[in-house]
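Starting from the given sequences, assemble the full structure and let the hints guide the process.
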Amino acid sequence: MRISSAHETYAQAESFLDTNVQRVMLLLLFAGLVVFPFLADQYWIYLACLVAIHIVGTTGLNILTGYTGLISVGQAAFMSVGAYTVAILEIHVGTPFIFNLIAAGVVAAGVGAIFGVPSLRVKGLYLAIATIAASFILHFLYTNGPSILGGTQGLSMPPARLFGYDFVRPFQLYWLFVPLTALSVFAAANLFRTRIGRAFIAIRDRDISAEVLGIPLLKYKLLSFALSSFYAGVAGGMWAYFFRVVTPESFPLIYSIFFLAAVIVGGMGTILGGILGAIFMTVIPELLKLLVSYMTFIPDATAQLSPIRTIVFGLLIVMFLLFEPQGLAETWRRIRRFFHLWPFKK
Amino acid sequence: MIIFPTRRKLLSYAAAGCLALGIQTSARAADDIVIGASMPLTGAFGFAGIPLNLGIQDYLKIANDAGGIGGRKIKYVSEDTAYAVDKSIAAFNRITASEKVSLYYGDSTGFAKTINAELSRRDSILMAGTSFATELNDPKNFPYQFIPGPDYSQMIGILLEYIAKTTPGAKIALVNSDTEFGRDPIAATEKRAAELGLKIVGKIATPPTSVDVSTEVLKLRRADPDYTIFHGYVLAPLPEFMTQMKQLGLKSKFMGTFWSMDNSIWANSAAVADGYMGVMPYRYYFDTEGTSPTLDKIRQLRPEYQTIYYTQGFLTAMLMIEAAKRTLDAKKDLTASNMKASLNSIKDFDTGGIIGVPISISGNTIPVGRVYQYDGANKTMKPVSDWIKIAK
Numbered sequence: 001m002r003i004s005s006a007h008e009t010y011a012q013a014e015s016f017l018d019t020n021v022q023r024v025m026l027l028l029l030f031a032g033l034v035v036f037p038f039l040a041d042q043y044w045i046y047l048a049c050l051v052a053i054h055i056v057g058t059t060g061l062n063i064l065t066g067y068t069g070l071i072s073v074g075q076a077a078f079m080s081v082g083a084y085t086v087a088i089l090e091i092h093v094g095t096p097f098i099f100n101l102i103a104a105g106v107v108a109a110g111v112g113a114i115f116g117v118p119s120l121r122v123k124g125l126y127l128a129i130a131t132i133a134a135s136f137i138l139h140f141l142y143t144n145g146p147s148i149l150g151g152t153q154g155l156s157m158p159p160a161r162l163f164g165y166d167f168v169r170p171f172q173l174y175w176l177f178v179p180l181t182a183l184s185v186f187a188a189a190n191l192f193r194t195r196i197g198r199a200f201i202a203i204r205d206r207d208i209s210a211e212v213l214g215i216p217l218l219k220y221k222l223l224s225f226a227l228s229s230f231y232a233g234v235a236g237g238m239w240a241y242f243f244r245v246v247t248p249e250s251f252p253l254i255y256s257i258f259f260l261a262a263v264i265v266g267g268m269g270t271i272l273g274g275i276l277g278a279i280f281m282t283v284i285p286e287l288l289k290l291l292v293s294y295m296t297f298i299p300d301a302t303a304q305l306s307p308i309r310t311i312v313f314g315l316l317i318v319m320f321l322l323f324e325p326q327g328l329a330e331t332w333r334r335i336r337r338f339f340h341l342w343p344f345k346k
Numbered sequence: 001m002i003i004f005p006t007r008r009k010l011l012s013y014a015a016a017g018c019l020a021l022g023i024q025t026s027a028r029a030a031d032d033i034v035i036g037a038s039m040p041l042t043g044a045f046g047f048a049g050i051p052l053n054l055g056i057q058d059y060l061k062i063a064n065d066a067g068g069i070g071g072r073k074i075k076y077v078s079e080d081t082a083y084a085v086d087k088s089i090a091a092f093n094r095i096t097a098s099e100k101v102s103l104y105y106g107d108s109t110g111f112a113k114t115i116n117a118e119l120s121r122r123d124s125i126l127m128a129g130t131s132f133a134t135e136l137n138d139p140k141n142f143p144y145q146f147i148p149g150p151d152y153s154q155m156i157g158i159l160l161e162y163i164a165k166t167t168p169g170a171k172i173a174l175v176n177s178d179t180e181f182g183r184d185p186i187a188a189t190e191k192r193a194a195e196l197g198l199k200i201v202g203k204i205a206t207p208p209t210s211v212d213v214s215t216e217v218l219k220l221r222r223a224d225p226d227y228t229i230f231h232g233y234v235l236a237p238l239p240e241f242m243t244q245m246k247q248l249g250l251k252s253k254f255m256g257t258f259w260s261m262d263n264s265i266w267a268n269s270a271a272v273a274d275g276y277m278g279v280m281p282y283r284y285y286f287d288t289e290g291t292s293p294t295l296d297k298i299r300q301l302r303p304e305y306q307t308i309y310y311t312q313g314f315l316t317a318m319l320m321i322e323a324a325k326r327t328l329d330a331k332k333d334l335t336a337s338n339m340k341a342s343l344n345s346i347k348d349f350d351t352g353g354i355i356g357v358p359i360s361i362s363g364n365t366i367p368v369g370r371v372y373q374y375d376g377a378n379k380t381m382k383p384v385s386d387w388i389k390i391a392k
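Residue numbers (our numbering), protein chains in the order written: chain A, 1 to 346; chain B, 1 to 392.
It should be emphasised that the hints constitute simulated quantities derived from the structure, not laboratory data. Hints may contain errors.
As the list claims (entries may be wrong) - Listing some non-contacts, in silico: residues in chain A with all C-beta distances to chain B over 10 Å:
no., residue
1, 16
2, 132
3, 208
Claimed, not checked - To give an idea of the interface, some chain A residues facing chain B are shown, with a C-beta separation under 10 Å as derived from the structure:
no., residue
4, 42
5, 239
6, 252
7, 282
No residue lacks a Cβ here, since even glycine has one placed at the ideal position from N, Cα and C.
Structure (C-alpha cells):
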C-alpha cells in the first residue's frame, strides 16, 4: 500500500516516474507493445499504427490547446505540410526517412508559427476561426501551386526505406511508428518540467499575469504554435509513409476537429489525456463497427445499423463530456487512486 | 423513481462491452469466394453507398441462387467507411485479415490509389469501386483494378462526340468542382474538343457545393456557350447555375456526368432541370426499350425505382463474378493477374440489357455510354442518342 511518494534526494524529485510500481507498469506496457504485433492480425496492427500517428498529432495539439490555452483548428493543415514535405523529399531528393520526418516537423513548425501570429491579438473562438485559414490557404496552395505539389491528384510516394529494407506493411511500419510515438510523448511530458513548459501553463492560466511575471508572450505563444505544429508535421510525415498517397483532400477540416475532440475527450492539459483521447477517437468507431458486424440476428446489419453506429459514437462523446468533463485521464487517475489503497479500502 | 447507473458502473459496462468485442469469430465455408467491400454507407457519399451495396447484394443473391460459381457460393462482406480513406483501409485490413478475399469493392479514388500498392503486392484481389477517375484507367500502374464504365475523360468524350455530331463547331463552357474529382477530365476535354473542332470558351472551378454562383454566371454570360458541361458535382450548384443562366436569357444547354445523372436527384427541381442532359453508361431502371432480361429481373426483385448507383453496384458484381468464373473455368487459380486477364478476355459480352450494347473490356474501362435528357414534365431521363463507343 502506497500512501505517498516522499522525495529524499533531488534526483528522486527530478525522476520521471515516482514509484517502482509505475516503472514496472511502464515496462509491462513496453513489453506488451513489443509482443502485440506478433499476436494481432493485420487489422489491429493497422489500427495501432493509426493510433500512434494520432497520438503524435493529439499530443501536439495538447501542447497548444491543453497547456497553452490557444485553441487551434488547424492541426490537420499543419499535418498536411509535414505529409507534403515527406512526399517531396522522398520522391525528389531520396533522403533517409528519419531526416524526412524531422524536416517535416521543422517545415510544419515554421508554417505553424506564421499562422500563430494572430494569437498575439486574439484568443478563444476568434483564434480558432483564424487558424481555420490555414486549412483553406494550404488547400488552395496544394491545388493551384507549383507542379511539384502534384495538383489535385497529389503525390504518390515510395515507402520508407532503411538499410535497403522497405517499410510497406503495417507490421513493418509499427516498428518505426511506436518508438517514434513513445519518444514524442516522452519529450512532451518532459517539456512541462522545463522553463518553457511552465511558461506555456502560465500563459494558459492567465496571460496578463504571465507577462507581468516576465514571460514574453510573443516568444512563447509562437513557440507553442511552432512546437505543436512540429508534432503535427511529424504526424503528417508518418501519415504519408503509412498511406503513401498525399492529396489536397487527405487532410480536411474535419480531421482538425477530430484532434480537438481527442484532446477534450482525453483530458486537456495532460499528456495521458492526449494518448487516451487519440485511442478513444480512433478505436471506438472501429469497436462499434465490430459490434454491428456481430449482430448477425439482424438482417443486413452493416447497412441497417451504420447510421445508428455514427449516432452512438456521437452520444458517447457527449456522455464523456457530461459524466467525465476532465476527460479519460481523470478516469485513469481515479482508477489509480482506487488501487493505491486496495485492498484495504472499504 | 428512475435509478440512473453510477458513472463508474457506466464506464465499467462500456469497458466490458469493449472487451467482449475483442473476441472474434468468423464463419465461412472453406471454398466460398469472398467479395469484400469498403462501402460508404454513411457520410457525404452515403446517398450512393446504400444503393451500391444493395445492387451488389442483389446480384450476388441471384448468382448464389443460380448455384454460385461452379458450385462455390459467393460471400459478401462489407463495412461502412463513412467515405474516409483511413477507415476504408481499416475495413480492407479487417476483412482481408478474417477472410480469403478474391474480389473487392472500394469507395473512392483516394482509397483506390492508396490501396493500389498493396493490391499489387498481394496479387490475390481484383478490385473495382465507385471511382471513375481517369488516373485509374492505366493497366500498367493499376493492374488489378477496373472501372465498371467509362472513366471521367471518356464520359466527357462521349458528350463531345454527341455535341460535335449535333452542333458542329459548338462553343462549350466547362464548370468543374475545385477537387480532384472535378478537375479530373479538364485536360482530356480540351484536347478532344480541339480534335473535334469544338471551342472551349470558358473554364470555371467552384467549391463542390457552392451556393452563390452569380459571379461565375456573369462569366458564362460573357462567354455565351452553346453547351455548359458540369463535372465534379452531384446536385448543388447545378440548379443555381441553370436557374440564373436561364434568367439571363442564355440559350446554353446543360450537361453532366454520372453522379449528377440519377433520376431521383432532379425530382424536386424538375422544372429547372428540364432539358438537362448527361452521359450514362447504364440503362435506367425504367427503360423498357428493347429486351433487357437483367433489368426485368431487377424490376421483379425490386418493384420500386432503383437508382443508377444501384445499377453500378449490380453491374460491378456481375463483372467481378464473370472474371472469377472465367478464371475457374480455365482451371486457373483465383489470383488477381488471372482474374484481370479473364476480365480483359470479355468481348461482346451481353450484360442482359444493363448496357444497351455488347461490351468488351480490353483495358481498365468500358468506354461506352449514351446521352440522356431529363424530361421535367414526366420527371424521367430519356435517351437522345444511340450508344456511343469511343476509343479507350
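Open item on the list: Run through the hints listed earlier and report the numbers of any the structure violates, in increasing order.
Closed with: The structure conflicts with no hint, since it agrees with every one listed earlier.
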